[in-house]
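Asks: Produce the entire structure from the sequences given, and follow the hints as far as they go.
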Amino acid sequence: MNIVKLQNGHIPGNSVQTIIEILDKGGFVVLPTDTSYMLAVDSLNNAAVQDLYALKKRLFNQPVSVCCSDIVMANQHARFSLLAARIAEKFLPGPLTIVLPAVSKFPKMLMKNNKIGIRIPAAPVTLEIVRAFGKPLTATSANKSGGKEPYLVSTVIEELGDDKIEFVINADPLNPGPVSTIAEIEQDSIKILREGPIPESVLKKIIREI
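Counting from 1, one number per residue, gives the positions in the sequence shown under the UniProt record's numbering.
Treat the hints loosely; a few may be bogus.
Claimed, not checked - Label-pair ranges, simulated between beta-carbon atoms:
hint	residue 1	residue 2	range
1	113	51	37 to 45 angstroms
2	188	54	25 to 33 angstroms
3	124	195	25 to 33 angstroms
4	175	205	22 to 30 angstroms
5	7	145	31 to 39 angstroms
Stated by the list, open to error - With a cut-off of at most 27 angstroms between alpha-carbon atoms, the simulated BS3-like pairs for lysine-lysine come out as follows:
hint	residue 1	residue 2
6	57	115
7	144	25
8	105	148
9	115	205
Hints listed in this document are in silico derivations from the structure and should not be mistaken for laboratory results. Glycine residues also receive a C-beta, built at the ideal position from the N, C-alpha and C atoms.
Replies: Right under this line is the structure:
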């Protein structure tokens, strides 16, 4: 496991290229987000995603969201209604996951009813890596399923060990905060699947503004 600490908020040396090479071959990396550390693999690599579920001891009927670098990338992999686009423009990057019809052929376990969770965290370093990789990464917490929230690299190692993960971006300490709001967005309706920092009432105001 290679652990690299941010230097003045930036990724040192050739770390981005190293991370891309790890992701290209289906490996695990751990990246900071605006809520906790996330365990990332290439979300379009079926074998890598299966390995992620095994490492987290996560059931295949429990979907995992994907991290996009920006709304442009998200539009390439999910279908945005006008309502979804307005919500994304207003709240992303930020602690919100929006569940939309998938366009790309993601591994089945990442989706439910052919819908995928899209996450764009307010974490510039991680967005830089996703942008450089050119494809969405898995956006699941770097812990065992149902385990301790990973706000510290030491918690990541405690939860997942140090033999499978190849690279960690250390941004310790992350600010402990609530997990992201998860909202399933239809053409003109919003269903909250998980409560979080952005309340349902705030999201539903967007419906009235369209």
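Asks: Could you run down the list of hints and mark each one as holding or not?
Replies: Cross-check of the supplied hints:
1. The hint said 37 to 45 angstroms for the Cβ distance between residue 113 and residue 51, and at roughly 24 angstroms that hint is violated.
2. In this structure the hint that residue 188 and residue 54 lie 25 to 33 angstroms apart at CB is violated, the actual value being about 39 angstroms.
3. At roughly 26 angstroms, the beta-carbon separation of residue 124 and residue 195 lies within the given 25 to 33 angstroms, and the hint holds.
4. Roughly 26 angstroms separates the CB atoms of residue 175 and residue 205, a value that falls within the hinted 22 to 30 angstroms.
5. Distance hint check for residue 7 and residue 145: the Cβ-Cβ separation is about 33 angstroms, which falls inside the suggested range of 31 to 39 angstroms.
6. Restraint check for residue 57 and residue 115: satisfied, since their Cα atoms lie roughly 22 angstroms apart, inside the 27 angstroms limit.
7. Note on residue 144 and residue 25: the hinted pairing holds, with a Cα-Cα distance of about 23 angstroms set against a maximum of 27 angstroms.
8. This hinted pair does not check out: residue 105 and residue 148 have alpha carbons roughly 31 angstroms apart, beyond 27 angstroms.
9. Taken as a hint, the residue 115 and residue 205 pair is honoured in the structure, with Cα atoms around 23 angstroms apart against an allowance of 27 angstroms.
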